[in-house]
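Chain A is already provided as a structure; the job is to place chain B on it using the hints.
The lines below spell out each chain.
There are 2 protein chains.
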Amino acid sequence: MNAADSRLLTLRKLELIRAELPSIDWIVDDARVKRLSQDYFWFSPVLKRLFDDKQADAVARPRDEDEIRQVVGACARHGVPLTVRGGGTGNYAQSTPLNGGLILDLSRFNKLLWVRNGVGRAQAGIRLSDFDQQSRPDGWELRCLPSTFRMATLGGLFGGGFGGVGSITYGPLGAPGNVLAIKAMTVEAEPRIVELSGPEALLLHHGYGTNGIVLELEVALAPAHPWLENIVVFEDFDRALDCAQALAQAPGIIKKSVTFLAAPIPGYMEALKDFLPEGCHALMVIVAEFNEAAMKQIVGEFGGRITYRQDTEQVQATRRTLVEYAWNHTTMHALKVDRGLTYIQCSFQPGRNLEQVRQLEKLLGGEVLMHVEFLRLRDGTLTCNGLPIIRYTTDERLNEIMQIYRDHGVGIANPHVYVVEDGKQGQINPAVVMKKLAFDPHGLLNPGKLRGWEIRDQIIAAQAQA
Amino acid sequence: MNAADSRLLTLRKLELIRAELPSIDWIVDDARVKRLSQDYFWFSPVLKRLFDDKQADAVARPRDEDEIRQVVGACARHGVPLTVRGGGTGNYAQSTPLNGGLILDLSRFNKLLWVRNGVGRAQAGIRLSDFDQQSRPDGWELRCLPSTFRMATLGGLFGGGFGGVGSITYGPLGAPGNVLAIKAMTVEAEPRIVELSGPEALLLHHGYGTNGIVLELEVALAPAHPWLENIVVFEDFDRALDCAQALAQAPGIIKKSVTFLAAPIPGYMEALKDFLPEGCHALMVIVAEFNEAAMKQIVGEFGGRITYRQDTEQVQATRRTLVEYAWNHTTMHALKVDRGLTYIQCSFQPGRNLEQVRQLEKLLGGEVLMHVEFLRLRDGTLTCNGLPIIRYTTDERLNEIMQIYRDHGVGIANPHVYVVEDGKQGQINPAVVMKKLAFDPHGLLNPGKLRGWEIRDQIIAAQAQA
Chain A
1 MNAADSRLLT LRKLELIRAE LPSIDWIVDD ARVKRLSQDY FWFSPVLKRL
51 FDDKQADAVA RPRDEDEIRQ VVGACARHGV PLTVRGGGTG NYAQSTPLNG
101 GLILDLSRFN KLLWVRNGVG RAQAGIRLSD FDQQSRPDGW ELRCLPSTFR
151 MATLGGLFGG GFGGVGSITY GPLGAPGNVL AIKAMTVEAE PRIVELSGPE
201 ALLLHHGYGT NGIVLELEVA LAPAHPWLEN IVVFEDFDRA LDCAQALAQA
251 PGIIKKSVTF LAAPIPGYME ALKDFLPEGC HALMVIVAEF NEAAMKQIVG
301 EFGGRITYRQ DTEQVQATRR TLVEYAWNHT TMHALKVDRG LTYIQCSFQP
351 GRNLEQVRQL EKLLGGEVLM HVEFLRLRDG TLTCNGLPII RYTTDERLNE
401 IMQIYRDHGV GIANPHVYVV EDGKQGQINP AVVMKKLAFD PHGLLNPGKL
451 RGWEIRDQII AAQAQA
Chain B
1 MNAADSRLLT LRKLELIRAE LPSIDWIVDD ARVKRLSQDY FWFSPVLKRL
51 FDDKQADAVA RPRDEDEIRQ VVGACARHGV PLTVRGGGTG NYAQSTPLNG
101 GLILDLSRFN KLLWVRNGVG RAQAGIRLSD FDQQSRPDGW ELRCLPSTFR
151 MATLGGLFGG GFGGVGSITY GPLGAPGNVL AIKAMTVEAE PRIVELSGPE
201 ALLLHHGYGT NGIVLELEVA LAPAHPWLEN IVVFEDFDRA LDCAQALAQA
251 PGIIKKSVTF LAAPIPGYME ALKDFLPEGC HALMVIVAEF NEAAMKQIVG
301 EFGGRITYRQ DTEQVQATRR TLVEYAWNHT TMHALKVDRG LTYIQCSFQP
351 GRNLEQVRQL EKLLGGEVLM HVEFLRLRDG TLTCNGLPII RYTTDERLNE
401 IMQIYRDHGV GIANPHVYVV EDGKQGQINP AVVMKKLAFD PHGLLNPGKL
451 RGWEIRDQII AAQAQA
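Those protein sequence lines, which keep their order, are chains A and B.
Under the working numbering, think of the first position of the first sequence as 1, with each following residue one higher.
Under the working numbering, think of the first position of the second sequence as 1, with each following residue one higher.
The shape of chain A in the complex, shown without the other chains (with noise of 0.2 Å):
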């Protein structure tokens, strides 16, 4: 069959599901597909280049359980791909089907479950910025946002993140402690509901939504602390730097993030440019308000001047935070003024991550635009990672880019490719791939994005002989 026969096949089986689901809320407007098929894949030249035309045929947007077990269920007895949404706010287009279906749009199944002594449960299509609105008054928020948590939900972030702010105190999302458990859906005409606790439940994350339909989770929480936020200034890159990794090592100084950007990425922030002085090099930080001596005495012996100083009440009344200027956001910021730029994303080792830093700024700076977010690692070591925004020429020389990078040892996440495993260094994971054998056995969610499904068998195989 090709792919014209298979696509049509496709749709007449999603009207015979429209048909047998009338209550559900499809959406079947080609635009509106559209628009709900697409992630911010744009950020990269590569994705754009093979997605833009990508769309499914339509959506669902089931309102509770049983909706969803609804859809799955005839989706599996159709036989019908099936790409889970959240917010849509992924950069590698995981929520971009390769070859149509279904959308499962996760955003209307959204409730803040409970919020007892620092942990949190909620279903997966939650926003995080309502999680935190709704969490805050207990004392308790989330301790990982990405820059779009405004839009991002809490199974997109499970299912297609890293972490992000927050990630400076609690590692990535994927750290021991951090997801609790989660509350996942089998792929089956009979869809059935398990639920995974500690190092099972991360064998979804991260996987693009390609081996199960995450419902709920529970999560470790942050105490909810009054945050200041901060832009501080210098003229000199390694001052900058120094302090920047002085922050955010500092034991006693609660932060949530430290962002450095080198000269000319400041210029790009066009809403902060009061705060900005031209070719400055900028940290954005966020800490503790009550902190904010301490902070300041860190700055001072580094010769740093803050030009900008929200509270959270003024952060609140204004909306504006600097968490939509760090992490990617610093990348969108960039591209709104320039659409030539991409960036890439990268891990510098600790212990050697400032000598790495300097080092390819020296080598490549001009076209390599130095962004980096200071992190702690899994296993709690303090470092940076970088979101380099790079002057985009060719896919050659973005190759060339990153492969410096490699050669000077540090860690390349590509985000020029929509393969689970390109992102991380191609390692296939059996473990994952056993999970989507249980949890999706014909191969329905998101096909195409996991590569360790297509050896399958030599996996089953190695399973069944250890």
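Where hints are given, some of them may not hold.
Since the list gives no way to pick out one identical chain from another, each pair is judged satisfied if it fits inside one copy or across any two copies.
Claimed, not checked - Derived lysine-lysine pairs resembling DSSO-like cross-links, with alpha carbons at most 27 Å apart:
no.: 1; residue 1: 54; residue 2: 273
no.: 2; residue 1: 296; residue 2: 435
no.: 3; residue 1: 183; residue 2: 296
no.: 4; residue 1: 336; residue 2: 273
no.: 5; residue 1: 435; residue 2: 183
no.: 6; residue 1: 111; residue 2: 183
no.: 7; residue 1: 13; residue 2: 111
no.: 8; residue 1: 362; residue 2: 13
no.: 9; residue 1: 54; residue 2: 183
no.: 10; residue 1: 13; residue 2: 34
no.: 11; residue 1: 48; residue 2: 424
no.: 12; residue 1: 48; residue 2: 435
No wet-lab data here; the hints were simulated from the structure.
Note that the structure is a prediction, hence the values are computed from the model and not measured.
Same frame as chain A, now just chain B:
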């Protein structure tokens, strides 16, 4: 004037002061004065020899700021030496006067003033346990506790302590952001009250009350999680040590302490003997209850066996906490069994700490029993501090052991000396001396404990030139 005459003069002056201030709570009974003059210096055979016969001539126990002002003003006018005391739980004779005088016992000056938004302020004499008991209903507790928290005061911890349980997250008490401000009183005929914040406040930290009387402390707090106390046992030294570091580092696991006790130390913990199999190496691990699964995951990876598990309610009900088996309480339990033991304090080098622990265990095992506590340093790097227990033979051998540690690159904070600077590699901090000049111009506070005071003229001259 010889020592006896000087002592007699002090006694006469104290009689005058008592007559001037009859409403103050005075203690002059010799046995009670002696008890209130001493601390736990007897952990050290060296200090025991030096301080066993030392005591004050009287004790005053003021109840409010005005009473403190009256006593301090009178001492300044009459030239009576003044030694401040909290709970008397120090180990280096911090509050034992070398040459008599008055003990200013602040244990009745003990109100919690306020707690809000992660910050608390209290009078110096508040017991750490009372602070926590009052602040916990608001969801907050102290960041760092010594194992003596039931008796020790906040002012005492600041004046003579380091940190302790909690330093695994927040570093030592002296890391920027932990102590936000203090209120201190000068020793003058008309005592003045001064508020200090940030690094200036820290100039009075760990000075044994030699350079100012701290009245109030404003400290950043930690969220009061429900804590879970665990003992994990191992047959293998290396696996136990590796597991301890993995737990200590794990960024997603909220923790209060990770203690490593090599065999045969667990054998000294008689009250816990049911949970400590003969010859085991043991970890004591206190984590947030909701992170139990993540802790067990890591413990499992290293083959540890959990033999003891008490949740917050059980700890409250039994009033038994592992905090009172960690840090210097470990030493105390061992001393209860064998008075021929003593200890040293040391700081292993981040990145090389496990290697150093192993080397020294190989070299000195049997004579020096390994006990380490994991913590973050002032700059946030993770390492462990040691409080190894030593089978004491002679002072010479004790010094030799410390030298062997130093030769292996391990820092020693010698607990067998009583001069502030001698516990800090002999380094004189001119800023500390200048603070004493401002707060205690007549040198009446805890005389003989601050070496820098002896060369104050040199320091003043250098400051004038700078």
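How the hints compare with the structure:
1. In the homo-oligomer, the alpha carbons of residue 54 and residue 273 never lie at most 27 Å apart, since the shortest distance is 37 Å inside one protomer and 66 Å across protomers.
2. Taking identical chains as interchangeable, the C-alpha atoms of residue 296 and residue 435 lie at most 27 Å apart only when they sit on different chains, with a minimum of 22 Å there against 49 Å within one chain.
3. With identical chains, the CA atoms of residue 183 and residue 296 are at most 27 Å apart between copies only, with a shortest distance of 21 Å across copies and 44 Å within one.
4. Within a single copy, residue 336 and residue 273 get their C-alpha atoms as close as 15 Å, which meets the 27 Å cut-off; across copies the closest is 66 Å, which misses it.
5. Taking the closest pair of Cα atoms, residue 435 and residue 183 come within 27 Å of each other only inside a single copy of the chain (14 Å); across copies the shortest separation is 60 Å, beyond that limit.
6. Taking the shortest alpha-carbon separations for residue 111 and residue 183, only the intra-copy value of 14 Å comes in at or below 27 Å, while the best inter-copy value is 48 Å.
7. For a Cα distance limit of 27 Å, the shortest separation of residue 13 from residue 111 qualifies neither inside one copy, at 31 Å, nor across copies, at 73 Å.
8. Taking CA atoms no more than 27 Å apart as the test, residue 362 paired with residue 13 passes in neither setting, with 57 Å inside one copy and 71 Å between copies.
9. Within a single copy, residue 54 and residue 183 get their C-alpha atoms no closer than 30 Å, and across copies no closer than 66 Å, so neither meets the 27 Å cut-off.
10. For a Cα distance limit of 27 Å, the shortest separation of residue 13 from residue 34 inside one copy, 19 Å, qualifies, whereas the shortest one across copies, 91 Å, does not.
11. For the homomeric pair residue 48 and residue 424, the shortest alpha-carbon distance inside one copy (20 Å) is at most 27 Å, but the shortest distance between copies (61 Å) is not.
12. Proximity of residue 48 and residue 435 under a CA criterion of 27 Å is satisfied in neither setting, with 30 Å inside one chain copy and 64 Å between copies.
Taken one by one, the earlier hints fail for this structure at numbers 1, 7, 8, 9 and 12, listed in ascending order.
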